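Novice: The primary structure of each chain is shown beneath.
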Amino acid sequence: MDEQIIDYALEHAQSKKVEYAEVRASDQVQDRLVMRNGVVEAFGSGVDSGFCVRIIANGGIGFTSTNKWSKQEAKEIVDLAFRYAKAANRKDKLVFAEEKGVTTKWVVDQKKKIENISPEDKISAFAEIDKALTGCGVRIAATMSQCFIDLITKYFVNSEGSRISSFVPKIGAYFFITVTEQGKTEQAYKQFGYSGGWEAFDEWHVSERMIHDAKVLKDVLTKAKAVKPENMDLVCGSEVTGIAAHESCGHPMEADRILGREMSQAGRSFIYKGGEYWIGTRIGNEVVTVIDDPTIEHSYGYYAYDDEGVKASRRLLYKNGIINEFLHNRESAAKLGTRSNGSSRSINYDREAIIRMANTFVLPGDYSEEELMKDVKHGVYMKSFTEWNIDDKRFNQRYVGREAYLIENGELTVPVARPVIETTTLKFWTAVDAVSKKVQFDAATCGKGDPAQGVPVYTGGPCLRLRGVYVK
Amino acid sequence: MSEILAKTEDIVKKTKILGADEVVAKTTFGRYKQVRFSANQVDITVAWNDYVTDIALAWKKRLVATQIHDFRNIDSSLKQLISLAKVSQENPMFGGFAKGKFRYRKSEADKQLESLENLTEYVFEAIGAAEKAASGGVDSGGILFTKFEDIYLVSSEGPIGVDSRSAIELSIRAFTEREASGHGVECSSRLKDFKPARAGVKAGEIAKLAKGSRGGDEGVYDVIFDPLIFGSCLGIWGGMVSAWSVMVQMSVFVNKLGQKVAPEYVTIRDNPAAYSLSNRAFDDEGVQTHENVFIDHGVLKTYLHNASTAKLFKTETTGNAGLVFPNPWNIEMDAGDMTKNELFSEMKHGLYLTNTWYSRFQNYAKGDFSTIPRDGIFLIEKGEVKQSLKNLRISDNVLAMLGNIAAISKERQHVHWWGEADPPSLSPYVLIENVHMTKSR
Numbered sequence: 000m001d002e003q004i005i006d007y008a009l010e011h012a013q014s015k016k017v018e019y020a021e022v023r024a025s026d027q028v029q030d031r032l033v034m035r036n037g038v039v040e041a042f043g044s045g046v047d048s049g050f051c052v053r054i055i056a057n058g059g060i061g062f063t064s065t066n067k068w069s070k071q072e073a074k075e076i077v078d079l080a081f082r083y084a085k086a087a088n089r090k091d092k093l094v095f096a097e098e099k100g101v102t103t104k105w106v107v108d109q110k111k112k113i114e115n116i117s118p119e120d121k122i123s124a125f126a127e128i129d130k131a132l133t134g135c136g137v138r139i140a141a142t143m144s145q146c147f148i149d150l151i152t153k154y155f156v157n158s159e160g161s162r163i164s165s166f167v168p169k170i171g172a173y174f175f176i177t178v179t180e181q182g183k184t185e186q187a188y189k190q191f192g193y194s195g196g197w198e199a200f201d202e203w204h205v206s207e208r209m210i211h212d213a214k215v216l217k218d219v220l221t222k223a224k225a226v227k228p229e230n231m232d233l234v235c236g237s238e239v240t241g242i243a244a245h246e247s248c249g250h251p252m253e254a255d256r257i258l259g260r261e262m263s264q265a266g267r268s269f270i271y272k273g274g275e276y277w278i279g280t281r282i283g284n285e286v287v288t289v290i291d292d293p294t295i296e297h298s299y300g301y302y303a304y305d306d307e308g309v310k311a312s313r314r315l316l317y318k319n320g321i322i323n324e325f326l327h328n329r330e331s332a333a334k335l336g337t338r339s340n341g342s343s344r345s346i347n348y349d350r351e352a353i354i355r356m357a358n359t360f361v362l363p364g365d366y367s368e369e370e371l372m373k374d375v376k377h378g379v380y381m382k383s384f385t386e387w388n389i390d391d392k393r394f395n396q397r398y399v400g401r402e403a404y405l406i407e408n409g410e411l412t413v414p415v416a417r418p419v420i421e422t423t424t425l426k427f428w429t430a431v432d433a434v435s436k437k438v439q440f441d442a443a444t445c446g447k448g449d450p451a452q453g454v455p456v457y458t459g460g461p462c463l464r465l466r467g468v469y470v471k
Numbered sequence: 000m001s002e003i004l005a006k007t008e009d010i011v012k013k014t015k016i017l018g019a020d021e022v023v024a025k026t027t028f029g030r031y032k033q034v035r036f037s038a039n040q041v042d043i044t045v046a047w048n049d050y051v052t053d054i055a056l057a058w059k060k061r062l063v064a065t066q067i068h069d070f071r072n073i074d075s076s077l078k079q080l081i082s083l084a085k086v087s088q089e090n091p092m093f094g095g096f097a098k099g100k101f102r103y104r105k106s107e108a109d110k111q112l113e114s115l116e117n118l119t120e121y122v123f124e125a126i127g128a129a130e131k132a133a134s135g136g137v138d139s140g141g142i143l144f145t146k147f148e149d150i151y152l153v154s155s156e157g158p159i160g161v162d163s164r165s166a167i168e169l170s171i172r173a174f175t176e177r178e179a180s181g182h183g184v185e186c187s188s189r190l191k192d193f194k195p196a197r198a199g200v201k202a203g204e205i206a207k208l209a210k211g212s213r214g215g216d217e218g219v220y221d222v223i224f225d226p227l228i229f230g231s232c233l234g235i236w237g238g239m240v241s242a243w244s245v246m247v248q249m250s251v252f253v254n255k256l257g258q259k260v261a262p263e264y265v266t267i268r269d270n271p272a273a274y275s276l277s278n279r280a281f282d283d284e285g286v287q288t289h290e291n292v293f294i295d296h297g298v299l300k301t302y303l304h305n306a307s308t309a310k311l312f313k314t315e316t317t318g319n320a321g322l323v324f325p326n327p328w329n330i331e332m333d334a335g336d337m338t339k340n341e342l343f344s345e346m347k348h349g350l351y352l353t354n355t356w357y358s359r360f361q362n363y364a365k366g367d368f369s370t371i372p373r374d375g376i377f378l379i380e381k382g383e384v385k386q387s388l389k390n391l392r393i394s395d396n397v398l399a400m401l402g403n404i405a406a407i408s409k410e411r412q413h414v415h416w417w418g419e420a421d422p423p424s425l426s427p428y429v430l431i432e433n434v435h436m437t438k439s440r
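Going down the list, the protein sequences come from chains R and C.
Residue numbering for the first sequence follows numbering that gives the first Met the number 0, beginning at 0 and increasing consecutively.
Residue numbering for the second sequence follows numbering that gives the first Met the number 0, beginning at 0 and increasing consecutively.
If you're looking for bench data, these hints aren't it; they were derived computationally from the structure.
Just so it is clear, the structure is predicted and the values come from calculations on it, not from any experiment.
Here a beta-carbon is modelled for each residue, glycine too, at the ideal position from N, C-alpha and C.
One or more hints might be untrue.
Derived PhoX-like pairs (lysine-lysine); straight-line CA-CA distance at most 25 Å [claimed, not checked]:
{"no.": "1", "chain 1": "R", "residue 1": "LYS111", "chain 2": "C", "residue 2": "LYS85"}
{"no.": "2", "chain 1": "C", "residue 1": "LYS12", "chain 2": "R", "residue 2": "LYS222"}
{"no.": "3", "chain 1": "C", "residue 1": "LYS85", "chain 2": "R", "residue 2": "LYS224"}
{"no.": "4", "chain 1": "C", "residue 1": "LYS85", "chain 2": "C", "residue 2": "LYS98"}
Just so you have them, the derived chain C footprint on chain R, three or more residues with Cβ under 8 Å [stated by the list, open to error]:
{"no.": "5", "region": "6-18"}
{"no.": "6", "region": "184-198"}
{"no.": "7", "region": "277-285"}
{"no.": "8", "region": "319-325"}
{"no.": "9", "region": "352-362"}
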């Protein structure tokens with residue numbers, strides 16, 4: 000990465016009548032492996048490298064990017080960004096919330112450097128999983144697996160004096176299996192993610208977990224009963240807790256949605272100024288606290304500084320059941336009269352940084368998982384989910400169980416096939432009356448932005464007990 | 000031969016010298032612009048230039064790929080790629096890249112879209128049209144996007160081609176009330192056919208009609224799908240016809256070739272025609288693209304293939320090769336014999352859905368899924384909009400919905416929206432019977 004070109008671009012931007020300018024460069028070494036039924040379909044490897052300029056002038060924002068590394072190109076994209084910013088001709092002039100310039104360098108350590116893992120070893124690690132699945136005693140019609148590796152070097156400078164360099168290795172994996180029994184099929188997928196080195200692969204225990212899922216699918220096909228639709232207690236496993244935290248807390252608390260900036264794509268929020276819900280409004284039981292925290296070391300959503308150069312910090316989104324703190328970047332923070340809490344992320348040099356979650360999860364409570372179940376006379380334990388979605392105001396959501404069991408008099412009895420909870424954000428979080436002690440995380444790729452930017456995140460939490468919700 | 004084509008050819012030659020059995024290289028010089036707006040104002044104007052060569056090579060049935068962005072280090076990138084191939088694993092199913100020479104249609108790319116300025120004028124035209132159609136103030140947001148790409152493709156197996164691809168699209172969502180919105184899109188490969196006001200009018204009209212919504216009731220309904228929401232269905236179904244989706248069981252069409260999957264008046268094809276946002280003269284192996292009818296009068300006729308998957312399925316490539324896997328380009332549903340007005344006037348009791356998002360499957364092979372309609376949802380009684388509704392979800396099955404298509408309009412619209420109605424499609428108004436709607440409890 001030629002930092003001189005980046006510094007030149009900033010210098011050139013500052014020679015113009017700008018209110019703010021930044022230049023962000025990234026260099027991503029990318030490996031992509033796709034396998035089907037244990038055989039390599041394709042192995043991709045390459046480097047994507049370029050830089051972008053963002054300028055505020057006359058209250059408008061211009062953003063341009065290129066992967067051509069030359070001073071001439073830098074000059075041209077700065078000139079264009081400046082022209083675009085001025086052409087916005089906004090009535091409400093945009094400003095950024097105040098920040099001080101930062102000079103720092105941050106890196107994520109690797110115990111087993113990904114750079115030292117040969118392609119053969121990567122292939123063999125994935126092939127072993129397929130082999131283990133083939134021999135697990137379940138009829139598997141097809142498997143598909145993918146490995147994503149990104150070694151991301153960034154350099155960020157802005158007109159307020161920030162100079163931030165970083166290096167983050169990210170490793171991700173995705174598995175999709177189809178199990179067949181008696182002419183019927185069931186499917187499951189699982190994603191893994193980590194910021195750090197190849198040590199992640201050993202820690203994930205992928206074979207064990209995929210074999211478990213394959214057996215669960217077999218049970219769904221051969222043993223599971225449908226649930227009789229009615230109001231009952233529901234215990235959510237950490238995977239279900241995590242998706243609910245992400246979808247019905249993290250997303251609606253993104254301030255750009257709240258302000259309408261994402262209205263035509265990812266949508267708005269049930270939270271808005273002058274509406275029923277705002278900071279200080281109750282949205283759930285007091286046992287519920289949902290946070291978003293990019294500072295969890297080696298998490299998939301980890302970062303030390305966001306893509307606007309703001310230091311990352313833990314955000315208390317729903318605090319004891321009360322709407323507490325939105326996710327902000329510098330633009331939304333200025334509009335709502337506060338400071339950014341470091342939530343601005345971009346997947347690459349050619350994408351605008353926008354407000355994103357990092358690792359969103361429910362804080363643990365006092366109960367053991369056994370204690371949660373013990374007090375349920377009749378209900379369902381939804382340990383994991385398959386189909387899910389939520390409306391674009393983030394209020395009406397649906398989760399369909401993948402691994403689920405009937406609870407009778409405090410005991411797990413038979414597997415339940417595809418139980419469904421379809422409810423509102425308010426009802427979901429209000430129905431929670433107990434939270435377990437142990438927090439677990441799952442990796443996910445969160446989608447937002449246009450063009451789409453899938454960012455790595457963790458979702459997670461402990462088990463939750465919901466009282467008297469409708470399960471079908 | 001242009002300089003870039005010569006450089007692309009040079010990459011192929013060098014890779015062959017390094018030992019590759021087969022190589023395809025595609026250089027794209029892309030210029031992209033976007034205006035994002037909300038609250039009737041421009042939030043940001045974006046331009047990005049991308050210079051990239053995609054390379055796929057095979058060595059002893061090992062398929063590897065890369066993207067070169069930094070042209071100063073081509074030789075070392077190629078050496079790395081061939082080394083990767085040599086340590087990769089054989090895929091016995093790999094059938095090779097497409098072979099032969101092909102004649103390509105002449106590009107009809109619109110040069111005006113290469114250097115279009117004053118993008119915000121189109122945005123304000125759409126916002127103004129939405130306001131007028133809604134008869135009052137609206138809160139509008141969306142994007143305007145333009146693309147101009149020059150493509151240079153060289154394959155060691157014969158194909159060599161140059162293409163230019165242009166596109167412009169506008170997506171606008173207008174709100175008349177907090178829970179009353181409409182969404183309109185306008186898509187074209189040429190500026191002269193691009194009418195941003197049309198999208199604004201559509202968004203404004205639906206937003207006006209959507210005022211005063213109440214929660215909808217669960218049940219089984221006959222539903223008229225607007226071209227935009229039906230474009231989402233076509234995108235999903237088109238993706239499931241890709242041979243790759245079939246191979247990994249992410250498709251309801253596994254083992255259904257030759258079988259009836261829809262009524263006989265349903266014909267659906269893939270066609271990257273000149274009007275489409277995804278127009279192209281050749282695919283990523285250099286095979287000339289053409290239309291492929293995949294559901295012909297209700298019968299599943301073919302999957303969409305590249306050369307390798309075609310060999311596996313003992314057929315010919317359909318010209319749908321991506322860099323590694325086959326993709327649909329632009330889905331077209333053949334027009335029906337009813338006008339849009341006739342479709343509505345003949346509906347005694349049902350719903351009219353205008354848009355959706357967040358479609359997710361519990362089982363792709365079986366087809367069970369749900370999706371959440373957004374923007375205007377209307378209860379239709381005796382051909383008229385009786386009530387604006389909200390908070391409903393489609394919870395149904397792909398094969399059931401395909402089988403329950405009851406009528407198709409003559410009118411069709413070229414639609415594309417974000418990842419939700421993607422790839423683009425030529426989509427009619429469609430009546431589907433017995434659609435299962437659910438809601439939160």
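Novice: Against each hint, give a clear statement of whether it holds in the structure.
Specialist: Comparing the hints with the structure gives:
Only pairs whose Cα atoms come within 25 Å are accepted, and LYS111 of chain R paired with LYS85 of chain C is accepted, the gap being roughly 24 Å. With a C-alpha separation of about 59 Å, the suggested pair LYS12 of chain C and LYS222 of chain R falls outside the 25 Å cut-off, and the hint is violated. At roughly 50 Å between alpha-carbon atoms, LYS85 of chain C and LYS224 of chain R are farther apart than 25 Å, so this suggested pair is violated. Restraint check for LYS85 of chain C and LYS98 of chain C: the C-alpha separation of about 23 Å stays at or below 25 Å, so the hint holds.
Figure legend: the region 6-18 of chain R, annotated as covered by chain C; annotation inconsistent (0 residues with Cβ-Cβ distances under 8 Å, at least 3 required). Against chain C, the region 184-198 of chain R contributes 3 residues with a C-beta closer than 8 Å to a partner C-beta. That satisfies the three-residue criterion, and the hint holds. Coverage of a stretch by a chain is defined here by at least three residues with a beta carbon nearer than 8 Å to that chain's beta carbons; for the region 277-285 of chain R and chain C the count is 0, and the condition is violated. With 0 residues carrying a beta carbon less than 8 Å from a beta carbon of chain C, the region 319-325 of chain R misses the three-residue requirement, and the given coverage is violated.
Given a C-beta distance limit of less than 8 Å, the hint that chain C covers the region 352-362 of chain R is violated, as 0 residues qualify and 3 are needed.
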